[in-house]
Amino acid sequence: MNADPAPTYNGEVIPSPVVRHTLEQQLALLNWHPVFTGRCPRCEMPLLQTKPPRVHWDCSCGWMDDSI
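Under the numbering used here, think of the first position of the sequence shown as 944, with each following residue one higher.
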């Protein structure tokens, strides 16, 4: 018996997600990116949440995040 079987759904194996960032990097992103903070990381001005959610984050100070 396998001690750590692969998760399945409806009989199909669910692949494990690829870890792209360390825990430290993930926490830094949560404390930095405006999608989580609601503020520009450069000038701290509030950036309004929109519906649908933004893809590109731009601030009047010139900071931009077009990484997505």
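No lab work stands behind these hints: they were computed from the structure. Hints are supplied without guarantee of correctness; some may be wrong.
Between beta-carbon pairs, the in silico distance windows are [said to hold, decoys possible]:
{"hint": "1", "residue 1": "Met988", "residue 2": "Gly954", "range": "50 to 58 angstroms"}
{"hint": "2", "residue 1": "Ser959", "residue 2": "Asp1001", "range": "30 to 38 angstroms"}
{"hint": "3", "residue 1": "Glu955", "residue 2": "Thr993", "range": "30 to 38 angstroms"}
{"hint": "4", "residue 1": "Pro948", "residue 2": "Gly981", "range": "21 to 29 angstroms"}
{"hint": "5", "residue 1": "Ala949", "residue 2": "Pro989", "range": "40 to 48 angstroms"}
A virtual CB, placed ideally from N, CA and C, is assigned to each residue, including glycine.
Tested hints:
The beta-carbon spacing between Met988 and Gly954, approximately 51 angstroms, falls within the hinted interval of 50 to 58 angstroms. In this structure the supplied range 30 to 38 angstroms holds for Ser959 paired with Asp1001, their Cβ-Cβ distance being about 35 angstroms. At about 36 angstroms, the CB distance of Glu955 to Thr993 agrees with the hint of 30 to 38 angstroms. Evaluation of the 21 to 29 angstroms hint for Pro948 and Gly981 yields a failure: the beta carbon distance comes to about 41 angstroms.
At roughly 44 angstroms, the beta-carbon separation of Ala949 and Pro989 lies within the given 40 to 48 angstroms, and the hint holds.
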